[in-house]
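Novice: Next come the chains, spelled out residue by residue.
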Amino acid sequence: MQARKKYVLLGLCTCCWLLLYYWGGLQERLLGLLTHRRGEVVRPWPNWLDRDLLPGYADQAELQNAGGPGDSPRQRRQSWAGIYKDSRCRMDTCFDFARCQGQSSFRVYIYPPEKGERVSESYRKILTSVVESRYFTSDPREACLFVLGIDTLDRDQLSTQFVPNMDERIRGYPLWNDGRNHVIFNLYSGTWPNYTEDLGFNVGQAILAKASLNTEHFRPGFDISIPLFSKEHPQKGGERGWLVRNTVPPRRKYLLMFKGKRYLTGIGSDTRNALHHIHNGKDIVSLTTCRHGKDWEKHKDARCDHDNQEYERFDYQELLHNSTFCLVPRGRRLGSFRFLESLQAACIPVLLSNGWELPFSDVIQWNQAVIEGDERLLLQVPSTVRAVGTDRVLALRQRTQMLWEAYFSSVDKIVLTTLEIIKDRVNSHISRNKFMWNALPGGLLVLPEYSTHLAHYPFYYLNLGISPGQEFTAVIHATSPLVSQSQPIMKLLQVVSKSKYCSQIIILWNSEKPPPHRSKWPPMPVPLIITDGRRKTSSRFLPNAAIETEAVLSLDEDTVLLTSEINFAFHVWQSFPERIVGYPPRSHFWDPVKKAWGYTSKWTNEYSIVLTGAAFYHRYYHHLFSHYLPSSLRALVDRTSNCEDILMNFLVSSVTHLPPIKVAQRKQYKEMPILQGTKMAPWANPEHFTQRQECVNTFASWFGYMPLVHSQFRLDPVLFKDHVSVLRKRYKDLERV
Amino acid sequence: MCASVKYGSRGPALIPRMKTKYRIYYITLFSVVLLGLIATGMFQFWPHSIESSAEWSLDRRSVHDAPLVRIPMSSPIPERGDLSCRMHTCFDVYRCGYNPKNKIKVYIYPLQRFVDEVGVPISSTGLSREYNDLLSAISDSDFYTDDVSRACLFIPSIDVLNQNSLRIRETAQALAMLPRWDKGMNHLLFNMLPGGPPDYNTALDVPRDRALLAGGGFSTWTYRQGYDVSIPVYSPLSVEVDLPERQPGPRRYFILSSQTAIHREYRVELERLKEENGEALLLLDKCSNLSQGLASVRKRCYKGQVYDYPQILQESSFCVVLRGARLGQATLSDVLQAGCVPVIMADSYILPFSEVLDWKRASVVIPEEKLPEMYTILKSIPHRQVEEMQRQKWTSVNSPLFLPLIPPRSPGFTAVVLTYDRIESLFRVITEISKVPSLAKLLVVWNNQNKSPPEESLWPKVAVPLKVLRTKENKLSNRFFPFDEIETEAVLAIDDDIIMLTSDELQFGYEVWREFPDRLVGYPGRLHLWDHEMGKWKYESEWTNEVSMVLTGAAFYHKYFNYLYTYKMPGDIKNWVDAHMNCEDIAMNFLVANITGKAPIKVTPRKKFKCPECTAIDGLSLDQTHMVERSECINKFASVFATMPLKVVEHRADPVLYKDDFPEKLKSFPNIGSL
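Chain order of the listed sequences is W and H. All residue numbers for the first sequence refer to full-length UniProt numbering, where the first residue is 1 and numbers rise by one. All residue numbers for the second sequence refer to full-length UniProt numbering, where the first residue is 1 and numbers rise by one.
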């Protein structure tokens with residue numbers, strides 16, 4: 001506002017004030033006048049004239065003082081432990097962090113099973129998953145977390161698997177300690193008719209990993225909600241999601257479907273008894289049957305016969321495949337098998353289960369994958385799901401698949417996710433953030449001990465809108481002693497160090513002879529580091545603190561490559577930093593005669609493996625190789641001095657679900673062996689090849705499926721062998737290979 | 001659902017952006033008026049004695065005009081907050097009727113001034129500036145309704161932001177007197193400073209039945225997950241002090257502690273850390289020599305040296321936010337505003353908006369017990385991560401087709417041929433494409449309104465369905481329309497004069513697309529370059545070593561991109577393309593690269609294409625002006641997208657055995673690159 005106007009107004013005010021002195025009534029008119037001058041639209045919440053005179057909600061000194069320093073923190077922690085236990089347990093008050101300190105801090109112990117103890121199929125799988133995980137310990141003294149040997153999955157007293165006298169038996173455990181640091185797995189609690197959350201024994205301060213958890217009983221940040229899974233749920237690997245393509249428009253034949261039991265009485269019947277109302281026989285199929293339980297005919301109502309008839313007309317599997325949304329209403333309990341089934345089927349779950357704490361709700365952002373309905377608003381569900389747009393359907397559907405494969409497709413994944421969530425709480429400052437849990441490839445493949453920084457991982461570059469670094473570290477695997485200056489490794493060192501992207505070279509010395517003196521190595525324009533591999537083949541992929549770059553160029557000592565080939569491959573890797581990018585292609589195939597996987601090094605039209613004798617990959621895979629894979633597989637690699645490259649390909653493809661990338665024409669990356677005189681290279685040995693066949697099968701059985709994927713293309717330089725002057729070509733050398 | 005309301009309204013509410021010019025002006029103006037009134041005893045004329053029955057019009061709009069309501073002593077008191085409340089038990093969804101936009105409606109009670117039977121107000125402050133700003137923000141939002149019968153959420157105008165200024169019992173009675181209170185159902189209260197001495201509860205102590213609470217300083221024991229909302233404790237300093245934006249990077253200090261009310265036990269710990277690590281730590285406290293008042297809240301001291309607060313926060317990488325008697329600390333707001341990475345040590349504290357915010361990406365949360373290890377923990381965080389935390393906002397590309405899928409080969413692809421009137425060439429193209437094994441269907445987009453397509457009998461006989469679609473206007477964007485007739489995911493866009501591609505090349509292109517279903521996979525590659533002389537982008541169609549676009553004269557892509565092109569293309573790009581009859585392919589490249597962040601894939605060696613760019617102007621040979629126009633397109637699109645989304649790569653895709661010394665008949669795609 002102009003200064004003149006300001007003064008005029010100020011003057012006006014003074015006049016008014018004088019007037020007011022004699023005639024108070026005028027003030028209101030003045031206020032009205034001023035309000036109009038502001039020319040603002042009258043708002044529902046008034047623009048108070050004296051808005052700026054309103055007091056602050058708190059005095060600044062009061063805010064900064066914030067009620068003072070409070071009680072003694074030490075005393076507070078002590079008193080908390082006394083108050084907040086049992087149903088008010090939190091990690092701070094019911095968990096003994098002191099048990100989880102030290103180097104290998106997070107170890108899980110399982111109580112040995114007692115003689116004659118019968119354990120259900122599902123619980124056996126859970127225990128197997130723990131035993132095979134990298135956190136298992138057989139020594140209770142070093143354990144941070146304890147798992148019961150007694151089957152607690154089914155706590156329905158009417159069930160045959162119900163274990164009686166739990167309280168008594170648990171009290172017999174010397175390490176029980178009122179349940180502290182124990183995790184109790186449970187799928188079914190309570191029984192007819194109320195199906196309460198009660199497990200039938202005192203769990204004390206133990207963490208519950210339970211299906212169908214109710215938000216009211218759920219102790220946030222302490223308990224873990226797990227999905228209900230059937231006894232057929234696979235131990236490991238697990239089926240992939242059913243989505244194979246993103247069709248557009250994304251709507252399927254049916255909009256919404258449900259097929260299941262109708263409860264005529266009892267808990268859960270409110271919802272189940274109403275589901276038939278939304279059935280329209282066209283795009284919404286909601287089928288219920290009364291025919292379940294022993295005496296269903298006793299409670300039978302007028303609808304039953306008609307419904308039962310309609311029920312038989314549709315096949316559940318067919319509906320799963322062809323429906324965009326799947327209703328997942330509560331059963332007697334809050335969770336149901338249906339939830340995982342629709343997740344796998346890429347049928348977007350529409351939840352009608354009020355108060356259900358969703359599985360792994362600590363870490364999974366479910367609103368990106370499901371529609372959370374309200375049982376009270378069942379009749380609004382059709383219009384709600386109809387209003388979900390194309391983009392959202394596509395996104396929700398893909399997310400169901402991502403979550404299914406990351407956390408639910410096998411018992412292993414469910415158990416590991418449970419353990420990792422607890423581990424993240426124990427080491428809260430070295431833990432995964434929400435983004436890591438919810439982005440591909442999922443939290444289980446992110447090891448926060450490696451880094452908590454997103455940009456240090458190979459799979460987030462695109463999300464972050466950044467590119468990987470401009471340099472690489474070459475790691476040369478040397479197994480033969482250095483006897484002459486004309487050895488292939490000498491030539492290789494020259495070639496690699498000439499690349500402008502090479503920032504350092506590491507020679508991994510795995511020969512029987514000690515590494516030669518520094519002076520034996522040629523002078524290098526880049527730092528040269530010799531590390532001792534202790535003659536273990538797996539040492540090739542040990543996390544090496546010396547590797548400072550994100551890109552690793554892995555080489556065998558006798559690899560033959562040109563500098564420009566290295567440069568080109570590095571450029572390609574920068575576009576695909578989550579994959580293995582390199583030269584020597586290999587392939588796997590299914591041998592129907594032997595009923596086993598085969599491995600071939602023949603030239604074929606496709607490949608699924610790129611050998612790490614000449615390949616780029618992200619250094620994070622070193623970490624995964626050494627910490628995510630079980631020691632049994634690494635031991636196999638060391639024992640046979642073979643297959644480490646195949647294992648790396650398995651690992652990376654299991655993370656990406658994609659094939660590696662072969663670059664340019666070169667396939668033969670080594671000189672042909674000289675037939676007489678010299679020792680034969682190990683890979684020329686026929687036994688070596690048989691071993692590799694066996695490796696492929698061993699690895700596939702550990703992963704529980706075949707992660708390798710075939711590709712039919714290779715990436716060449718844009719002008720490769722084009723009819724254009726070589727002077728124009730940046731990678732002309734590649735054509736002479 | 002409920003969270004979204006509060007989330008939506010919090011931005012403006014917490015950072016009131018009033019024009020300071022107006023603000024200062026009105027403050028001075030009304031100070032004069034008010035001071036004058038008080039000084040001359042005119043205050044008695046102020047209509048503060050009007051009873052609530054009186055009609056209250058919007059015209060008299062001073063807070064003090066609000067009707068006075070007397071609370072009878074015996075007025076009922078609500079029950080204490082029910083800790084077991086959840087949306088499905090304590091919230092009436094039936095009030096929140098379904099509407100297509102899923103917008104819920106919020107009603108704000110008109111302002112009233114509650115007093116007890118003897119006329120003492122229930123609150124020492126009445127309506128505070130912050131609560132008024134907050135209600136204004138809600139009232140300005142789409143959620144607001146003045147129709148109480150349509151409302152889903154009710155917001156009392158009783159200010160309970162600071163419990164210390166309230167008379168608990170009377171405030172509770174006032175709440176219960178609200179006409180729609182109904183046991184607090186669907187009522188939302190905002191509170192930033194809960195509890196009072198000596199034990200400082202972590203949630204508002206005012207009995208409130210089932211009302212939802214947006215509170216600052218919840219602990220895990222008082223917070224009802226999925227029902228309550230945790231909000232930050234607002235710091236008025238954020239409007240008073242204008243801090244310059246600092247670029248992420250190293251700071252003078254590593255760790256700064258600026259709080260004045262830190263428990264002695266913790267201060268001892270901090271001092272010990274300071275002793276061990278020296279200059280890296282700055283441990284500030286109140287200035288003892290300054291008098292109380294405004295000056296003291298803006299100053300901090302260390303050994304007699306005075307520092308400006310909150311400016312000093314910008315000089316440190318990490319800023320400690322320790323709990324005091326309360327869990328929520330206004331310091332957190334100051335620290336965040338200063339771009340310092342908060343190190344939060346407040347066990348059991350529910351961080352603000354924790355249900356939607358990823359605090360681990362913007363802060364370091366350390367258990368109080370680990371305070372002695374704070375330095376080591378913070379030192380282990382990589383520099384780049386600290387910078388990302390300082391930045392506080394993350395750009396991220398989220399491809400709509402993010403799942404790594406390699407779709408099965410069948411049912412193949414749909415070829416969409418754009419044509420005008422080159423019948424002979426069109427027929428040759430159709431004949432060639434029909435040899436491709438994975439072709440599922442042929443669509444001919446007939447873009448000529450003046451001429452009918454040839455009779456059915458004249459068309460080449462092909463084994464797959466062939467359909468001619470006549471368009472209403474000769475627009476280039478017609479080729480990208482998501483026709484219902486396209487039933488496959490994969491679309492091959494092809495011009496009617498691309499006759500030089502072999503069946504092997506096309507089939508191979510489709511196979512490559514299957515491995516990159518979220519990219520453009522095409523044959524002629526092009527490049528954009530920065531022209532340093534002209535200071536703008538330039539289009540390049542020469543033989544280059546790099547590629548950033550593939551022309552849609554012959555390219556595979558996902559049908560989803562047809563949707564995006566037709567319905568979601570930003571700005572006026574679509575109209576520009578149709579008006580200029582050019583650059584639809586460049587626009588498609590921009591669109592796909594922008595949404596996926598990925599480069600296109602060029603397949604197979606370059607051929608002598610008959611200037612595919614020239615099809616748009618039909619028949620003309622390579623034309624300089626045409627190329628100039630394509631450069632213009634790039635500049636135009638880059639300005640509309642406000643970025644250059646195109647990515648440059650040096651590779652193209654060839655069959656694995658391309659040019660290999662290997663029997664041709666054993667190769668899957670032998671006929672590649674032949675002219």
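Treat the hints loosely; a few may be bogus.
Taking lysine to aspartate or glutamate and the EDC-like style, the derived pairs with C-alpha atoms no more than 16 Å apart in a straight line are [stated by the list, open to error]:
no. : chain 1 : residue 1 : chain 2 : residue 2
1   : H       : K370      : W       : D96
2   : H       : K568      : W       : E735
3   : H       : K659      : W       : D96
4   : H       : K659      : W       : D722
5   : H       : K370      : W       : D92
6   : W       : K434      : H       : D285
7   : H       : K286      : W       : E606
8   : W       : K253      : H       : E487
9   : H       : K607      : W       : D532
10  : W       : K732      : W       : D722
11  : H       : K379      : W       : E512
12  : H       : K659      : W       : D391
13  : W       : K602      : H       : D660
14  : H       : K472      : H       : E487
15  : W       : K667      : H       : E542
16  : W       : K115      : W       : D92
17  : W       : K721      : H       : D660
18  : H       : K667      : W       : E606
19  : W       : K667      : H       : E487
20  : W       : K434      : H       : D358
21  : H       : K299      : W       : D391
22  : W       : K729      : H       : E355
23  : W       : K602      : H       : D142
24  : W       : K721      : H       : D285
Label pairs and their calculated CB-CB ranges [unchecked claim]:
no. : chain 1 : residue 1 : chain 2 : residue 2 : range
25  : H       : D661      : W       : R518      : 52 to 62 Å
26  : H       : E487      : W       : F337      : 25 to 35 Å
27  : W       : R141      : H       : V268      : 42 to 52 Å
28  : H       : D285      : W       : P527      : 26 to 36 Å
29  : H       : M534      : W       : S467      : 35 to 45 Å
30  : H       : R272      : W       : M490      : 48 to 58 Å
31  : W       : A387      : H       : D146      : 22 to 32 Å
32  : W       : A61       : H       : R272      : 38 to 48 Å
33  : H       : V268      : W       : A546      : 48 to 58 Å
34  : W       : F314      : H       : D661      : 17 to 27 Å
35  : W       : F337      : H       : P372      : 31 to 41 Å
Since the hints were derived computationally from the structure, they do not count as laboratory data. The structure presented is a predicted model; accordingly, all values stated were derived computationally and were not measured. Where a beta carbon is used, it is the ideal one built from N, C-alpha and C, also for glycine.
Novice: The structure should be examined with respect to each hint, and the outcome stated for every one.
Specialist: The hints, checked one at a time:
1. K370/H <-> D96/W: holds, 14 Å
2. K568/H <-> E735/W: violated, 43 Å
3. K659/H <-> D96/W: Violated: K659/H and D96/W sit about 65 Å apart, past 16 Å.
4. K659/H <-> D722/W: holds, 11 Å
5. K370/H <-> D92/W: The hint holds at about 12 Å.
6. K434/W <-> D285/H: violated, 35 Å
7. K286/H <-> E606/W: Judged against 16 Å, a Cα distance of about 71 Å means the pair is violated.
8. K253/W <-> E487/H: Within the cut-off at roughly 14 Å; holds.
9. K607/H <-> D532/W: violated, 51 Å
10. K732/W <-> D722/W: holds, 10 Å
11. K379/H <-> E512/W: violated, 40 Å
12. K659/H <-> D391/W: Distance ~42 Å between K659/H and D391/W Cα, so the pair is violated.
13. K602/W <-> D660/H: holds, 13 Å
14. K472/H <-> E487/H: Answer violated: K472/H to E487/H is near 22 Å, above 16 Å.
15. K667/W <-> E542/H: Since the Cα atoms of K667/W and E542/H sit roughly 31 Å apart, the hinted pair is violated (cutoff 16 Å).
16. K115/W <-> D92/W: violated, 36 Å
17. K721/W <-> D660/H: holds, 12 Å
18. K667/H <-> E606/W: holds, 10 Å
19. K667/W <-> E487/H: Violated - the C-alpha atoms of E487/H and K667/W are around 39 Å apart, more than 16 Å.
20. K434/W <-> D358/H: Cα-Cα ~6 Å, so holds.
21. K299/H <-> D391/W: violated, 52 Å
22. K729/W <-> E355/H: violated, 54 Å
23. K602/W <-> D142/H: violated, 66 Å
24. K721/W <-> D285/H: Given that 16 Å is the threshold and the Cα spacing comes to 72 Å, the pair is violated.
25. D661/H <-> R518/W: 52 to 62 Å: Check failed, 43 Å falls outside 52 to 62 Å.
26. E487/H <-> F337/W: 25 to 35 Å: holds, 33 Å
27. R141/W <-> V268/H: 42 to 52 Å: Violated, since R141/W and V268/H (Cβ atoms, about 34 Å apart) do not stay within the stated range.
28. D285/H <-> P527/W: 26 to 36 Å: Violated, since D285/H and P527/W (Cβ atoms, about 47 Å apart) do not stay within the stated range.
29. M534/H <-> S467/W: 35 to 45 Å: violated, 27 Å
30. R272/H <-> M490/W: 48 to 58 Å: holds, 55 Å
31. A387/W <-> D146/H: 22 to 32 Å: holds, 26 Å
32. A61/W <-> R272/H: 38 to 48 Å: 28 Å Cβ-Cβ, so the 38 to 48 Å window is violated.
33. V268/H <-> A546/W: 48 to 58 Å: violated, 40 Å
34. F314/W <-> D661/H: 17 to 27 Å: Given about 58 Å between the Cβ atoms, the range is violated.
35. F337/W <-> P372/H: 31 to 41 Å: violated, 49 Å
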